[in-house]
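Turn these sequences into a full structure, and let the hints steer you where they fit.
If you read the protein sequences in the order shown, they are chains A and B.
The first sequence: position 103 = 174 (the working numbering), numbered continuously.
The second sequence: position 148 = 358 (the working numbering), numbered continuously.
These are calculated hints, taken from the structure and not from any lab test.
Some hints could be false.
[As the list claims (entries may be wrong)] Heads up, simulated DSS-like pairs for lysine-lysine below, C-alpha to C-alpha not over 27 Å straight-line:
{"#": "1", "chain 1": "A", "residue 1": "334", "chain 2": "A", "residue 2": "184"}
{"#": "2", "chain 1": "A", "residue 1": "427", "chain 2": "A", "residue 2": "403"}
{"#": "3", "chain 1": "A", "residue 1": "221", "chain 2": "A", "residue 2": "143"}
{"#": "4", "chain 1": "A", "residue 1": "328", "chain 2": "A", "residue 2": "126"}
{"#": "5", "chain 1": "A", "residue 1": "236", "chain 2": "A", "residue 2": "105"}
{"#": "6", "chain 1": "B", "residue 1": "318", "chain 2": "A", "residue 2": "493"}
{"#": "7", "chain 1": "B", "residue 1": "346", "chain 2": "A", "residue 2": "465"}
{"#": "8", "chain 1": "A", "residue 1": "112", "chain 2": "A", "residue 2": "99"}
{"#": "9", "chain 1": "A", "residue 1": "472", "chain 2": "B", "residue 2": "346"}
{"#": "10", "chain 1": "A", "residue 1": "328", "chain 2": "A", "residue 2": "112"}
{"#": "11", "chain 1": "A", "residue 1": "477", "chain 2": "B", "residue 2": "346"}
{"#": "12", "chain 1": "A", "residue 1": "105", "chain 2": "A", "residue 2": "126"}
In this text the structure is predicted, and so the values were computed from the model without any measurement.
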Amino acid sequence: MKQFQKEFNALLEYWPDEDREFRELRLKAFDQFKKIGFPTKKWEEWQFTDFSLIKNSDFHLSWDSDIPTIPKNIPGRIQDTYLILIVNGHYQPQLSDIPDEVSVVKRKEHFKKNPELYSIESSSNPFLSLNTSMMNSGLPIYIKENAIIKRPLQIIYLTTNLSAKLMNHPRFSCQIGENAEATIIEHYTGSTSSPYFTNAVSSINLEKNSRLNHIRIQEEDLNSNHTAFTSYTLDNQSQLEATYISSGSLLFRHNVKLILKNKGANATVNGLSLTKTNQHHDQHIIVDHASDSCQSDQLFKYILSDRSSGVFNGKVIVREKTKQTNANQSNKNLLLSPNALMNANPQLEIYADDVKCSHGSTTGQIDSEALFYLRSRGISQQRAMELIVSGFAKDIIDYIKNTDIKSYISEYVFNWLEGSMKNV
Amino acid sequence: MLEIKNLHAGIDGKEILKGLDLTIKAGELHAIMGRNGSGKSTLANIITGRENYEVTSGTVKFNGNNILDMSPENRALEGIFMSFQYPVVIPGVNNTYFLRAALNSKLKHNELKEVNAADFMRLIREKLKLVEMDEKYLSRAVNDGFSGGEKKKNEILQMLTLEPQLSILDETDSGLDIDALRIIAQGVNNFRNSERSFLAITHYQRLLDHMKPDFIHVLIDGKIVKSGGMSLAQELEEKGYSWLEA
Numbered sequence: 072m073k074q075f076q077k078e079f080n081a082l083l084e085y086w087p088d089e090d091r092e093f094r095e096l097r098l099k100a101f102d103q104f105k106k107i108g109f110p111t112k113k114w115e116e117w118q119f120t121d122f123s124l125i126k127n128s129d130f131h132l133s134w135d136s137d138i139p140t141i142p143k144n145i146p147g148r149i150q151d152t153y154l155i156l157i158v159n160g161h162y163q164p165q166l167s168d169i170p171d172e173v174s175v176v177k178r179k180e181h182f183k184k185n186p187e188l189y190s191i192e193s194s195s196n197p198f199l200s201l202n203t204s205m206m207n208s209g210l211p212i213y214i215k216e217n218a219i220i221k222r223p224l225q226i227i228y229l230t231t232n233l234s235a236k237l238m239n240h241p242r243f244s245c246q247i248g249e250n251a252e253a254t255i256i257e258h259y260t261g262s263t264s265s266p267y268f269t270n271a272v273s274s275i276n277l278e279k280n281s282r283l284n285h286i287r288i289q290e291e292d293l294n295s296n297h298t299a300f301t302s303y304t305l306d307n308q309s310q311l312e313a314t315y316i317s318s319g320s321l322l323f324r325h326n327v328k329l330i331l332k333n334k335g336a337n338a339t340v341n342g343l344s345l346t347k348t349n350q351h352h353d354q355h356i357i358v359d360h361a362s363d364s365c366q367s368d369q370l371f372k373y374i375l376s377d378r379s380s381g382v383f384n385g386k387v388i389v390r391e392k393t394k395q396t397n398a399n400q401s402n403k404n405l406l407l408s409p410n411a412l413m414n415a416n417p418q419l420e421i422y423a424d425d426v427k428c429s430h431g432s433t434t435g436q437i438d439s440e441a442l443f444y445l446r447s448r449g450i451s452q453q454r455a456m457e458l459i460v461s462g463f464a465k466d467i468i469d470y471i472k473n474t475d476i477k478s479y480i481s482e483y484v485f486n487w488l489e490g491s492m493k494n495v
Numbered sequence: 211m212l213e214i215k216n217l218h219a220g221i222d223g224k225e226i227l228k229g230l231d232l233t234i235k236a237g238e239l240h241a242i243m244g245r246n247g248s249g250k251s252t253l254a255n256i257i258t259g260r261e262n263y264e265v266t267s268g269t270v271k272f273n274g275n276n277i278l279d280m281s282p283e284n285r286a287l288e289g290i291f292m293s294f295q296y297p298v299v300i301p302g303v304n305n306t307y308f309l310r311a312a313l314n315s316k317l318k319h320n321e322l323k324e325v326n327a328a329d330f331m332r333l334i335r336e337k338l339k340l341v342e343m344d345e346k347y348l349s350r351a352v353n354d355g356f357s358g359g360e361k362k363k364n365e366i367l368q369m370l371t372l373e374p375q376l377s378i379l380d381e382t383d384s385g386l387d388i389d390a391l392r393i394i395a396q397g398v399n400n401f402r403n404s405e406r407s408f409l410a411i412t413h414y415q416r417l418l419d420h421m422k423p424d425f426i427h428v429l430i431d432g433k434i435v436k437s438g439g440m441s442l443a444q445e446l447e448e449k450g451y452s453w454l455e456a
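Listed below in structure tokens is the structure:
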């Protein structure tokens, strides 16, 4: 905690003439962070994840001196997309390419207009408080009403060439205007020999009748820790299709809170988590049906090899007096090693009658019948396992409609599988 | 082609086959009949190399080579095929992709040029007609959402594509309606030639009426107790198995 205090003080010194109200928010948030502290095994919602790696490490904030030479070929770049590039926490406007329909707003202005998006009062998540106190990168963007943006917008958070242990607290705020349509990729990637810590917060608002494809790719270096909080609010008739592909970080914790706030909103959230060595991926998803005629579908899959471990905790809440709710939640996990461990906990909290809900979770190994079937056709054991495992991941990938994103992710998942199946 | 001598084998320490002898020559179709639990499926599993079965004594030779230490994939590459009694659903693995992977595995083993996607489509469409299967089954995942009959046709489709020397038909007739049975029997009959051998495992005479096996064997308690021609099948249909039991 001392280290975080030190860095927080340094940050206040670094920006001495920051807006008064914004500074108050930072101070309040840091106080709250100190009060809450790091999660312990005794906290029910956090019990399966050990945060001592983050707590006991001496991460420091990124200053201007931490901007490295930017690599010519930006890793993870997806074809035919707009770009917002952030390197070691520093926005690179000269390398970014933003369409006219997207306006980038100053943080201070965004905060003044939407103070509720920065409120931490009702949250007990220490990483949200920490991010709010130290937010130092990421952008607020606004997609104009009626704008239909065909090309996806790729936001790359690259961590590279560190000279010391770095931490970043990117804050992405995104508002999709009425009737607007967009595809946004939040892409966290890193390659460095030094450990680092990313603590991201994204708050995404879909206004009436808007549509968002949100792709979140987490392929941080295995040296890193990544904690994240993503919140969505969906207005009338808006549609969200979100896909999370995560293979990076030694420790990954993602909290998602999705509120179907007004009538007829519709959300699909899919996730594929790929872990090896002693990686640990922990995802907590809350889907809150707060209005009538809303639909939510969740499909989360984990593929775990070596000694890696995963946690899936999904909760669907259907509020009192809501009508015509349709909610599905499915979690499927494939263990490639006897030493891999999965902890799944799907939950429903239903306070209304007019509800169609389904939920379920399964964890298993490669089906030995399927393996024998393929081998009995002359396909080698190794290849047969690759086929079965990539078949397991296929529905998540197939759900991605943009072909450039889909082909990037297919290749990425294929490479991961090829690299991880050799030891099985 | 296939030569089984004094085979003793079982699973989980329980002996199921108790000294089985069987020789199948090139071009022959043999049928094995018997009650549930007599060891018919165990025999098929041992020839194809399914894990967990233990052979305690005896030999199984294919083209003169002992196959008991070979992996299932190597047995397949050498020319052994089984049409599964319960074809397995493999979610997310495209049926065409799977069939081509299997064929290319075999072509590569035989040091032949692998087939590209376009040539394979031409080839598979031809084979599809032989089993009267709709093309839509090619774009689905392996056996996913197939009816019982389509699953069995898909097995025969694989046989026609991979062109094995020895095909084991494990209760291929079970769960089929009359039309599907006729199509499958026709598929097998057209595939027969002087080089290819078959071992059909069945409960019923109706498949045999279509296929006209050269030999019929009755398996009781892990041993072949009687062998004969088509007339034996008729006799079994009339009298059951009890007259052959000790």
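Right, here's what the structure says about each hint:
{"no.": "1", "hint": "A:334 x A:184", "in the structure": "25 Å, holds"}
{"no.": "2", "hint": "A:427 x A:403", "in the structure": "21 Å, holds"}
{"no.": "3", "hint": "A:221 x A:143", "in the structure": "26 Å, holds"}
{"no.": "4", "hint": "A:328 x A:126", "in the structure": "24 Å, holds"}
{"no.": "5", "hint": "A:236 x A:105", "in the structure": "21 Å, holds"}
{"no.": "6", "hint": "B:318 x A:493", "in the structure": "21 Å, holds"}
{"no.": "7", "hint": "B:346 x A:465", "in the structure": "19 Å, holds"}
{"no.": "8", "hint": "A:112 x A:99", "in the structure": "26 Å, holds"}
{"no.": "9", "hint": "A:472 x B:346", "in the structure": "22 Å, holds"}
{"no.": "10", "hint": "A:328 x A:112", "in the structure": "22 Å, holds"}
{"no.": "11", "hint": "A:477 x B:346", "in the structure": "24 Å, holds"}
{"no.": "12", "hint": "A:105 x A:126", "in the structure": "12 Å, holds"}
Consistency with the previously given hints is maintained throughout, with no hint failing.
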